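Student: Listed below, chain by chain, are the residues.
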Amino acid sequence: MAQETLTHDHDTQHDVDHQGENWNGGNEPFKASYGKLMMWYFLLSDAFTFAGLLIAYGTLRFSSPSWPVPDFVFQAFPGVAAHGLPLIFVTVMTFILIVSSVTMVRAVQEGHRYNKRGVVVWMFATIIGGAMFLGCQALEWYTLIVKEHMTLSYNPFGTHTESGTYLEGDGHGINAGDTFVAGDSYLIHMHDGEYHNLKYKTADGETKTQAFGPKAFGQLFFAITGFHGFHVLSGVVFLLIVMVNVMSGLYHDRGNHYEMVEKIGLYWHFVDLVWVFVFLVFYLL
Amino acid sequence: MGLSYEEGKKAAYKGFILLLIVTLLEVGIALVGNGHIIDGFHLSKLIMYPAMIILSLYKAYFIVQEFMHMKYEAKGLAMTVILPTLLLVWAVIAFLSEGNFWKVKRAAVDDNAEMIQPAQQDDGKQESYIPEPSEFRVK
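Heads up: the protein sequence lines correspond to chains A and B, in order.
Per this note's numbering, the first sequence starts with residue 1, numbered consecutively.
Per this note's numbering, the second sequence starts with residue 1001, numbered consecutively.
It should be emphasised that the hints constitute simulated quantities derived from the structure, not laboratory data.
It should be emphasised that the depicted structure is a prediction, and the values quoted were computed from it without experimental measurement.
Ideal placement from N, C-alpha and C gives every residue a C-beta, glycine not left out.
One or more of the hints may lead you astray.
[Claimed, not checked] Some chain A residues near chain B, calculated using beta-carbon distances under 8 Å:
| hint | residue |
| --- | --- |
| 1 | 32 |
| 2 | 38 |
| 3 | 58 |
| 4 | 59 |
| 5 | 62 |
| 6 | 66 |
| 7 | 92 |
| 8 | 95 |
| 9 | 102 |
| 10 | 162 |
| 11 | 240 |
| 12 | 263 |
| 13 | 266 |
| 14 | 273 |
| 15 | 277 |
[As the list claims (entries may be wrong)] When the alpha-carbon atoms are kept at most 27 Å apart in a straight line, the in silico DSSO-like pairs for lysine-lysine are as follows:
| hint | chain 1 | residue 1 | chain 2 | residue 2 |
| --- | --- | --- | --- | --- |
| 16 | A | 263 | A | 201 |
| 17 | A | 31 | B | 1071 |
| 18 | B | 1075 | A | 31 |
| 19 | B | 1014 | B | 1103 |
| 20 | B | 1009 | B | 1105 |
| 21 | B | 1009 | A | 36 |
| 22 | A | 116 | A | 263 |
| 23 | A | 116 | B | 1009 |
| 24 | B | 1014 | A | 36 |
| 25 | B | 1103 | B | 1010 |
| 26 | A | 116 | B | 1045 |
| 27 | A | 36 | A | 147 |
Just chain A, same shape as in the assembly (with noise of 0.2 Å):
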């Protein structure tokens, strides 16, 4: 008995070892590091989180009966123009990370070939690149809050659901007897502290003001470029850790063609990726 128990213990033991060899370590799944692996499945998980946001955005756009259009937004260029440039500030953003991006796939490239010297230079010129595209997030978003007056409780940015007349200019380009029509959109000003929604008059001859425009605008806005200009932030971090880490030497020694700054570079290749979309789903739709 005893010995039958033995034996049959060997032979499973065998099985385990001769079928299991995916299971005692040594291999890697999908022929990827665990350290890669898990760096895609968090990016995936992330991708969920970004895409739960701009579905939210979708969902509140739709059941709006109107939103604010994104070149008449997004129409200032900081330090240049207050308006009349749609888009253009937010294409020079778009730029700088797209650049930032190639500069990553360099370092990545030179990682591999164990030059040391290049992979420093190159994610320099990353984080260079990151922090440009921070620095103009920064200016972004001054615009709005200081110049424009968004904030999370109101949007100034509306749109006019009806033709009508202007019965009082605002002293930025509106004139007391100004027509309209609607689909047209406006920006609301601030006066010593308060908004000064417009009089205006209607075809019917009725006298209305402006309405603000939806709020969930602002704080989609605000929550979600803000979120993803987080990212940022942690990946300018980051890659300055791992720029440190490789000027120690540290991964040059580990002998595996520098994969961490492979890992960072899927990071910061993904945060480029996100961008696409906000890009699409705020200044283009």
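Since the structure of chain A is already known, use the hints to place chain B on it.
Tutor: Relative to the frame of chain A, chain B by itself:
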């Protein structure tokens, strides 16, 4: 890595040009379509939106395949990452149609609010009125 160093280097710069052109194309469609470039010329949203969405999806595909090297990974890895995102197709359709439903519902409620004016009582106070659920039905 399926590419040699020189090939990879070339691919990176080619990718840069490609992403730049596609982005400029998107912004171009937005600006021309909204009448900012040619006076009085507008494009239908039915042309603009699908074009911009397809170009963005192409950019996303390119970034994942080339820059993130998904092309050179094992097929199983690519599938476990890409297939779950197909669930988002359902999510987009379901949530956008739900959003549209809210808009229709809201319009119906607004219309009813105008229709149902609480009757004035003799003492000037308004009679409290609780609408029946059927009165909120979409017209």
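Student: Given residue 59(A) as an interface hint, is the shortest Cβ-Cβ distance to chain B below 8 Å?
Tutor: Since chain B brings a Cβ to about 4 Å from residue 59(A), closer than 8 Å, the hint holds.
Student: Would you check whether residue 92(A) satisfies its interface hint, that is, whether its CB is within less than 8 Å of any CB in chain B?
Tutor: violated (10 Å)
Student: Tell me if the interface restraint on residue 66(A) is satisfied: Cβ within less than 8 Å of some Cβ in chain B.
Tutor: violated (10 Å)
Student: Would you check whether residue 240(A) satisfies its interface hint, that is, whether its CB is within less than 8 Å of any CB in chain B?
Tutor: This hint is violated: residue 240(A) lies away from chain B, its Cβ roughly 21 Å from the closest one there, beyond 8 Å.
Student: Run the distance test for residue 263(A) versus residue 201(A): straight-line Cα separation, threshold 27 Å.
Tutor: violated (60 Å)
Student: Given the proposed pairing of residue 116(A) with residue 263(A), does the C-alpha separation stay at or below 27 Å?
Tutor: Holds - the C-alpha atoms of residue 263(A) and residue 116(A) are around 16 Å apart, at most 27 Å.
Student: Would the stated hint for residue 266(A) survive a check requiring a Cβ distance to chain B of less than 8 Å?
Tutor: holds (6 Å)
Student: Is the hinted pair residue 1009(B) and residue 36(A) satisfied, with a Cα-Cα distance of at most 27 Å?
Tutor: holds (22 Å)
Student: Holds or violated: residue 162(A) as interface residue toward chain B, Cβ cutoff 8 Å?
Tutor: With a closest approach of 15 Å, the residue 162(A) hint is violated.
Student: Residue 1014(B) and residue 36(A) were given as a pair; does the straight-line alpha-carbon distance stay at or below 27 Å?
Tutor: holds (25 Å)
Student: Does residue 147(A) lie within 27 Å of residue 36(A) when you go C-alpha to C-alpha?
Tutor: violated (44 Å)
Student: For the pair supplied as a hint, residue 116(A) and residue 1045(B), confirm whether the alpha-carbon distance does not exceed 27 Å.
Tutor: violated (50 Å)
In this structure, the earlier hints numbered 2, 6, 7, 10, 11, 12, 16, 19, 20, 25, 26, 27 are contradicted, and the remaining ones agree with it.
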